[in-house]
Amino acid sequence: MALPLRSEVDVNYTWNLTDLCKNDEEAKEKCVALKEEIQAFNSKFEGNLNDVDTAVDAIDAYRSLLEQLVVVSTYSSLKLSSDQSDAEAQKLSSVVGTTSTLFSTETSFLTSDLLSKEEDFLTQIKENKEEYTGYIDHLLRFKPYQLDPKVEKALASFSNVFSGPYELYLKTKLLDLDFGSFTVDGKEYPLSYLSFEGELESHRDEEVRRTAFRQFSDVLRKYEHTTAATYDLHLKKEKAEADLRGFDSVIDYLLHDQEVPRELYDRQIDTIMKDLAPHMRRYAKLLQKENNIEHMKFEDLKISLDPDSEPEITIDESRKYILDGLSVMGEDYINMINRSYDERWIDFVSNKGKSTGAFCSSPYGVHPYILITWTSLMEEVFVLAHELGHAGHFYNANRENNIFDTRPSLYFIEAPSTLNEMLMANHLLKTSDNDKFKRWVISSIISRTYYHNFVTHLLEAAYQREVYKMVDNYETVTAADLNRIKREVLEEFWGDDVEITEGAELTWMRQPHYYMGLYPYTYSAGLTISTEVSKRILNEGQPAVDDWLEVLKLGGKKNAVELAKHAGVDITTSEPLDNTINYIGELIDELEKLS
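The opening position of the sequence shown corresponds to residue 59 in this note's numbering, with each subsequent residue numbered one higher.
Hints were generated in silico from the structure; no laboratory data involved. Ideal Cβ positions, reconstructed from N, Cα and C, are used throughout, including at glycine. Please note: incorrect hints may appear among the correct ones.
[Claimed, not checked] Computed spacing ranges between beta-carbons, pair by pair:
#1 188 with 276: 55 to 61 Å
#2 71 with 490: 25 to 31 Å
#3 263 with 93: 50 to 56 Å
[To be verified] With a straight-line cut-off of 20 Å between C-alpha atoms, the simulated DMTMM-like cross-links for lysine to aspartate or glutamate are:
#4 616 with 315
#5 231 with 255
#6 347 with 648
#7 410 with 144
#8 208 with 299
Could you build all of it, start to finish, from the sequences and the hints given here?
This is the structure:
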């Protein structure tokens with residue numbers, strides 16, 4: 059069946075956005091009021107931070123403005139994610155975008171004025187109001203790269219324009235691309251981003267799967283030049299700012315905000331490309347054998363090892379699985395999960411124009427929201443557990459910290475999410491006596507948790523690193539360049555064991571992560587941490603859980619290395635990553651024995 063319109067889906071399985079704004083009109087009214095407050099803030103404080111008390115008052119006021127903006131921005135963003143074709147949501151997005159630009163422009167002086175002060179002045183702010191220590195320390199980290207106040211204000215005024223490439227990418231992806239349908243053995247299959255990524259790319263029927271891949275790739279190719287030009291604009295924007303601020307490379311510029319040394323970034327990519335590849339090639343051969351595939355191709359890599367053992371599950375049934383699997387996290391965490399179902403924090407439905415994939419948005423002062431497209435396959439339990447990991451993280455961090463201290467480094471951001479996947483898998487293995495189901499769980503750990511995070515996203519990162527090398531040489535990036543780089547990365551990882559068929563190189567067109575800085579590699583970084591933590595929880599029980607809950611509450615008060623250390627993991631060494639890759643190898647060993 060073709061995808062329904064948003065107006066045709068069951069509202070009980072959509073998210074309730076009224077906790078953010080009652081409706082679009084209230085959101086617009088909040089924007090009007092917020093604009094007035096922003097102008098008043100600028101008039102009162104710009105050029106007037108002459109004493110510590112006034113500076114603290116300015117930070118207080120700025121904090122209030124930011125909290126209000128987050129709420130209305132989240133409402134608008136989630137409304138658009140529900141349906142990119144919604145004309146009213148598009149109009150609201152424009153209103154909110156204008157408000158956000160005004161906020162950036164009219165408050166940019168705060169950073170410039172504070173950093174123009176002597177360090178003793180900033181120290182007094184921290185002593186006067188200790189909770190702003192993190193905020194001030196964060197500013198000081200960027201002091202060497204701060205530009206003239208007029209330049210900072212000019213850059214801020216273009217913030218809405220700078221987000222343009224990503225918005226264009228989404229519109230092309232979700233509105234302009236029409237994949238049509240295809241027929242196999244007399245049955246018609248509607249094709250879209252949601253149907254392909256949710257079901258067809260892992261379809262058990264080889265002809266259906268490969269036909270879907272060919273048609274999906276053929277349509278993508280029609281838009282490769284537009285999509286590449288859009289991405290190139292984004293890259294040029296990043297390079298321009300990196301140069302303006304005095305960074306040696308775009309990668310250094312993007313890693314600075316993550317508070318991560320280049321060594322940790324390169325280690326994730328280089329080690330996985332070299333040491334994980336042999337294990338995953340063995341897994342590809344196992345998939346080929348168990349599914350009776352004559353010649354293993356790229357489009358076969360997402361299939362299940364044993365599809366007959368994967369149960370179907372309803373949305374309502376998923377709650378019990380998740381509550382049981384994550385019960386080790388304690389009563390407060392379980393209450394958060396129950397609320398997410400009862401209060402409609404989760405958008406489960408499938409409809410035309412809805413954003414692909416899954417994500418969690420955690421606006422400060424409200425509660426998290428999760429987008430997922432439910433396919434009734436057991437794998438979705440892992441996806442939902444993953445997003446609830448993000449929700450549980452910020453549910454704790456937002457309660458314990460002011461808005462400046464809630465978000466940790468991107469390097470750490472995927473650790474809480476992937477830990478939940480590991481906890482779910484451990485629970486299912488422990489509580490089932492069905493060998494076939496256990497085999498499916500183990501294969502799911504590999505195909506869902508590790509393949510997704512250690513292969514799909516890591517190969518994105520390896521590709522992204524090569525793209526940035528071109529950018530740092532001031533080269534224009536074309537579709538031909540992106541296709542070549544992506545194919546080379548795929549061929550290096552899979553070798554001769556998997557045929558990288560025509561169309562595989564176009565997977566760069568499918569991922570929004572390239573518009574989010576150095577995000578792709580952090581999936582494997584987070585899973586490296588969570589793999590070690592899950593072992594601690596299995597071996598030590600409650601003390602390890604207590605340490606982890608404390609880490610969640612810390613939010614962004616510590617950097618990634620410190621957070622991992624608090625959880626008992628030393629990421630300054632290669633040991634955690636080596637252990638994780640060895641663990642993946644052991645899982646594949648076990649599957650080979652069971653086959």
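Do the hints match the structure? See the list:
1. Between residue 188 and residue 276 the beta carbon distance is about 59 Å. The supplied range of 55 to 61 Å therefore holds.
2. The supplied range of 25 to 31 Å is met by residue 71 and residue 490, whose beta-carbon atoms lie about 28 Å from each other.
3. Distance hint for residue 263 and residue 93: a CB-CB separation of about 55 Å, consistent with the stated range 50 to 56 Å.
4. Under the criterion of a C-alpha separation no larger than 20 Å, the hint pairing residue 616 with residue 315 is consistent with the structure, at around 13 Å.
5. The hinted pair formed by residue 231 and residue 255 meets the criterion: a straight-line CA distance of about 13 Å does not exceed 20 Å.
6. Taken as a hint, the residue 347 and residue 648 pair is honoured in the structure, with Cα atoms around 15 Å apart against an allowance of 20 Å.
7. This hinted pair checks out: residue 410 and residue 144 have alpha carbons roughly 10 Å apart, not beyond 20 Å.
8. Taking the CA atoms of residue 208 and residue 299, the gap is near 15 Å; set against the 20 Å cutoff, the hint holds.
In terms of the numbered hints stated before, the structure departs from none.
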